[in-house]
Amino acid sequence: MSADLFDFVLGLGDDALIAAQRLGEWTSRAPEMEEDIALANIALDQLGAARLLLTYAGELEGAGRDEDALAYLRGDREFRNCLLVELPNGDFAVTMAKLFFLSAYQLPLYDALAGCGDERLAAIGAKARKESAYHLDHSSLWVRRLGDGTEESHRRMQEAVDQVWPYTHELFAADPAAPVDPAGLRAGFEATVEPVLTEATLTRPGDGFTPGGGRQGLHTEHLSFLLAEMQVLHRAHPGARW
Amino acid sequence: MYGNDFPAPDDASGGGLLGEVEAAEAALREAAARARRFGAPTPDADLDAYFADVIEADQKIEPRDWMPEAYRRTLIRQIAQHAHSEIIGMQPEGNWISRAPSLKRKAILLAKVQDEAGHGLYLYAAAETLGISRDELVDLLLSGRQKYSSIFNYPTLTWADVGVIGWLVDGAAIVNQVPLCRCSYGPYARAMIRVCKEESFHQRQGYEILHVLAHGTAEQKAMAQDAVDRWWYPSLAMFGPPDGDSTHSAQSMAWKIKRFSNDELRQRFVDMCVQQAEVLGLTLPDEDLRWNDERGAYDYTQPDYDELMQVIKGNGPCNRQRMEHRRRAHTDGAWVREAAAAYAAKREQQKEKVAA
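Those sequence lines, one after another, are chains A and B.
Counting along the first sequence from 1, when you hit position 33 you're at 33 in my numbering, and nothing is skipped either side.
Counting along the second sequence from 1, when you hit position 80 you're at 80 in my numbering, and nothing is skipped either side.
Be a bit skeptical, because a hint or two may be false.
[As the list claims (entries may be wrong)] Calculated lysine-lysine pairs in the DSS-like style (CA-CA distance at most 27 Å, straight line):
1. Lys197(B) <-> Lys104(B)
2. Lys197(B) <-> Lys256(B)
3. Lys197(B) <-> Lys147(B)
4. Lys127(A) <-> Lys104(B)
5. Lys353(B) <-> Lys130(A)
6. Lys351(B) <-> Lys147(B)
[To be verified] What follows is a set of in silico ranges between Cβ atoms, one per label pair, in the way DEER data are often shown:
7. Leu73(A) <-> Ala32(B): 53 to 61 Å
8. Ala345(B) <-> Gly64(A): 54 to 62 Å
9. Glu229(A) <-> Arg328(B): 16 to 24 Å
[Said to hold, decoys possible] Only part of the chain A face toward chain B is listed, based on derived beta-carbon distances under 8 Å:
10. Gly24
11. Thr27
12. Asp68
Because the hints were derived from the structure by calculation, they are not lab data.
Backbone N, C-alpha and C define an ideal beta-carbon position, used for all residues, glycine too.
Just chain A, with the same shape it has in the complex:
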């Protein structure tokens, strides 16, 4: 059970960490100054959740790895995040599509964890769900604005949704041993997402292409580059304190 739980917690921690890393790339590049602040805020929330989850994962493993050992000293085949979060930021529409789908998954997940039997996960879930609710609000407002804004923004938002949608399937892969089985969250996810897409005058993509493998350490080509950048300084100074 403990090894399964370790994998589960590690996966959630990696989702949050890689999402934070991608969102942090927007700093000083956002379309408006208020949005720069908002994206940094969301990145900080994700990073905060990642630190709690990775610290807990390290304790479950019992091999003396702390949050930094897990973040900085694993290779890409050892990361357990979903593919969705590692996809490049693309334009602002792609970033909002990613955040919208991610938060529509994280919110019910954290919500369910808040009521689960594992005290640590319950506490993390209770804290993180409030933040996810804000992420979902923020991203769904942008999906509506861009979808129902100008002709150009509509085109870009539809392309972004089409591009990112296939990666949502992996989020709900069954994991019956986990404290919360993600398979049970799919219906709620669709109930959240579909009305927003409709209101945004966007078309829900079909379900033919369903890439996955992140939870088993099989990633896209993008993750290795992300990790190379994230880990470069830490790895250049083995054993140093920061």
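For chain A, the structure is supplied; the task is to place chain B on it using the hints.
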């Protein structure tokens, strides 16, 4: 979360700058509580004399008050330049967010750069009280007609640069800005109080980064020293040209926008840093730095003002890169801002339809 197991700059130097910010805040409240000695000027009053009286009495000028056009222009230029500096200043530090060497440092740095965006917004809002819009100010920055602090035209080459920017650059900014908490223009003084409090927090964090590096491996210590060597003189140059060559100083002093000369502030900064460097175990790159008993201050080598003029003219190592980055963000975001405006207009129309 931020740790406290290191000697803080304030403790080490007895600088007490945060205390000065708090005193300025108290003075501001008192000034506001004091009944204004001056009612609104009558239509035929001598406005210049009225304005001079308000300044003389250490009352604040508020947006609704009459003010000389040159005072307004000076303030717009200064506050805008300060706002632009916050926005451009996000780049050199933002450069290390993706590579921060621990998750804790990453979180602190992200929050710091986010604070700078917040300061930028806050200062643009203060400038807007003088009758100019943020969009106009952003255009002035992007077209190169307004400047930002030259210090941000230097590159951040190693992680230690992030620490040095916190310690020296934010330190110099605080020394510059603490007197502005008593500036005669109310909205700017109030903005500065808030900004200084956060900057002093940033300075502490930068100092802590350096403290850890200076007490770390030999490579880390060398990294810290190298960063101090590169940033020391550009930080001294942040106080502007020497008093004799400063074009705006005398009038700004008379208006109580500025309260100390460039050289006075530079000296204050040097005196503060010497002891902090000793605690860090790092060397300031100035062989002629020594205590002068007679002056009760440190003698030091002046920065290269020709270099400063070159950087101001656009020839620093990163001027072009910083401007290109800002212009690209602005241009790339245009379609998003247009979409937000179009969406808001549609919602407004719908509301009107419902109301009708």
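Report task. Could you tell me which of the hints above the structure violates, numbers in ascending order? Result -> 5, 6
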